Amino acid sequence: MDFLRPASWEEALAAKAEHPTAVPIAGGTDVMVEINFDHRRPEYLMDLNRIGDLSEWEVGEDSVRLGASVPYSQIMESLRAELPGLALASHTVASPQIRNRGGVGGNLGTASPAGDAHPALLAAGAEVEAESVRGTRLIPIDEFYQGVKRNALAPDELIRAVHIKKADGPQQFSKVGTRNAMVIAVCAFGLALHPQTRTVRTGIGSAAPTPIRARAAEEFLNAALEEGGFWDNGKIITPSVARQFADLCSAACNPIDDVRGTASYRRHAVGVMARRTLTWTWESYRGTAARTEGVA
Amino acid sequence: MRVSFTVNGRPQEADDVWEGESLLYVLRERLGLPGSKNACEQGECGSCTVRLDGVPVCSCLVAAGQVEGREVVTVEGLADYAKQRSCGDSCGTSLDEAKGWQAEGTDSQTGEGTELSPIQQAFIDAGAVQCGFCTPGLLVAADEMLERNPNPTDADIREALSGNLCRCTGYEKIMDAVRLAAARQGEAV
Ligand SMILES: Cc1cc2nc3c(=O)[nH]c(=O)nc-3n(C[C@H](O)[C@H](O)[C@H](O)COP(=O)(O)OP(=O)(O)OC[C@H]3O[C@@H](n4cnc5c(N)ncnc54)[C@H](O)[C@@H]3O)c2cc1C
Ligand code: FES
Ligand code: FES
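If you read the protein sequences in the order shown, they are chains A and B.
Residue numbering for the first sequence follows the numbering used here, starting at 18 and increasing by one per position.
Residue numbering for the second sequence follows the numbering used here, starting at 6 and increasing by one per position.
Same shape as in the complex, but just chain A (with noise of 0.2 Å):
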């Protein structure tokens, strides 16, 4: 095995040009379990925590550039307004160790159907900003996730940054757990209302090979408060209309038994999590539309 140590950003994409095969190591909290545990052996081990860009965020007029190593502890406590939903995704991520050394860069690598990151990023609307020494592209979120494990990055190429937009409304992520710390995903929700285009997003975490998004389940809400004027007249929204959401979210999910849960478990505990959230959410969204109304 080698150790690659690239100072800068330039030099770690000629070094992955050279060795496509080269392992990035961020915080090390998913590559160095397998290399202890002797599943992985990579030829080449490359060192990302000497590029200090990485470790950087920009907060610009519509989103979040988020360096792909910044920390999940640093996620919750610098960007909770701008990013309320990875912020909340972020708090259920393992534990204090685990969150100071691990980002949303290695939870995008690791392309797990569990990454709490995952549901959070397809719920506010995210880019995967990569580049190679051949350019830059932004990989949509909706396509950076190709199936178990699998992300669209091509073999020579490092996430930069994921660009994500700033929340514009309330946003909520819920995870289903043994306990509140040191937990995988049985299966996470995240949802957020986006009050400027009238539409709300969702995702889904470990209820199918990939994280996913519930499009149907979205397609039906935005008509539906669409057609009751809900968004003008902050009225709570009808049971009907939120029960058939959360079918369509269990609908969406596409998942296998295991370990941590069974198939039927996860439909179902996908339907009540959409349920809370949509209604914690839109609770929230009637508060602040209340009280601008109260000002005006």
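Hints listed in this document are in silico derivations from the structure and should not be mistaken for laboratory results.
Note that this is a predicted model, so its numbers are computed, not measured.
Each residue gets a CB set at the ideal place from its N, CA and C atoms; glycine is no exception.
Hints should not be assumed to be uniformly reliable.
Over the 10 Å line for every Cβ pair with chain B, so calculated as not near, a few chain A residues [to be verified]:
1. D159
2. P226
3. E243
4. R260
5. R293
Which stretches of chain B does chain A cover? Using the computed rule of at least three CB atoms under 8 Å from a CB of chain A, they are [as the list claims (entries may be wrong)]:
6. 18-26
7. 46-53
8. 61-70
9. 162-175
Residues of chain A clear of chain B, computed beta-carbon distances all greater than 12 Å [claimed, not checked]:
10. F237
11. A268
12. V276
Based on these hints, arrange chain B with the ligands on the given structure of chain A.
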């Protein structure tokens, strides 16, 4: 490969390090610092917790090559670390003191004959140590929390220690120990 970094304030070099080796392995097997424990090697138990540039991490998940040029504090250096923190720059550590991790107790009684950090003393006083395997990781994690948050609520303590497993104590005495250390810290100020 060779890895050079600072451990408990002293420059260290480890040679013939395998590229896939963890920081935990280097500390225990190459530098003779067995305080950080190896229980799971997969980030689940926290018994290998150290500070890397001040940040608590699982040393079993840090590749040795990643610590080149960086600073690590292990449980062996905790007493010095806490002492320096409490008196700022005013009391420098002498070379002998810096080597303090070697100065083990002169008798078999826990904690006697060697200087302890307040959190270590509190663990002893509260009876928070049974087999002791989880203790080093808990000490490092708890000490860091008290540094950040001198008046923690019980929820803060539970959250800060949620990455550390203990199979013996049932955690209640550990909670007592951290509360005790926080109270003593408050009195001292
Ligand atoms: C005890 C424990 C508990 C965990 N619990 C959770 C949990 O609750 N939820 C959860 O989602 N995850 C969990 N994980 C998994 C892990 O912490 C996350 O996936 C984390 O986001 C990985 O980030 P990292 O920086 O440590 O990645 P690394 O281990 O450094 O890398 C992971 C993968 O991404 C690749 N990679 C890293 N950076 C880049 C880049 N810039 N460009 C291209 N590829 C890159 C690596 O080559 C590797 O394939 C847990 C892990 C452990 C050990
Ligand atoms: S040995 Fe590192 S967390 Fe268990
Ligand atoms: S005292 Fe034995 S594991 Fe905690």
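Okay, the hints, checked on the actual structure:
| no. | hint | verdict |
| --- | --- | --- |
| 1 | D159 | holds (30 Å) |
| 2 | P226 | holds (24 Å) |
| 3 | E243 | holds (41 Å) |
| 4 | R260 | holds (34 Å) |
| 5 | R293 | holds (22 Å) |
| 6 | 18-26 | holds (count 3) |
| 7 | 46-53 | holds (count 5) |
| 8 | 61-70 | holds (count 8) |
| 9 | 162-175 | holds (count 5) |
| 10 | F237 | holds (38 Å) |
| 11 | A268 | holds (35 Å) |
| 12 | V276 | holds (15 Å) |
The structure agrees with every numbered hint stated previously.
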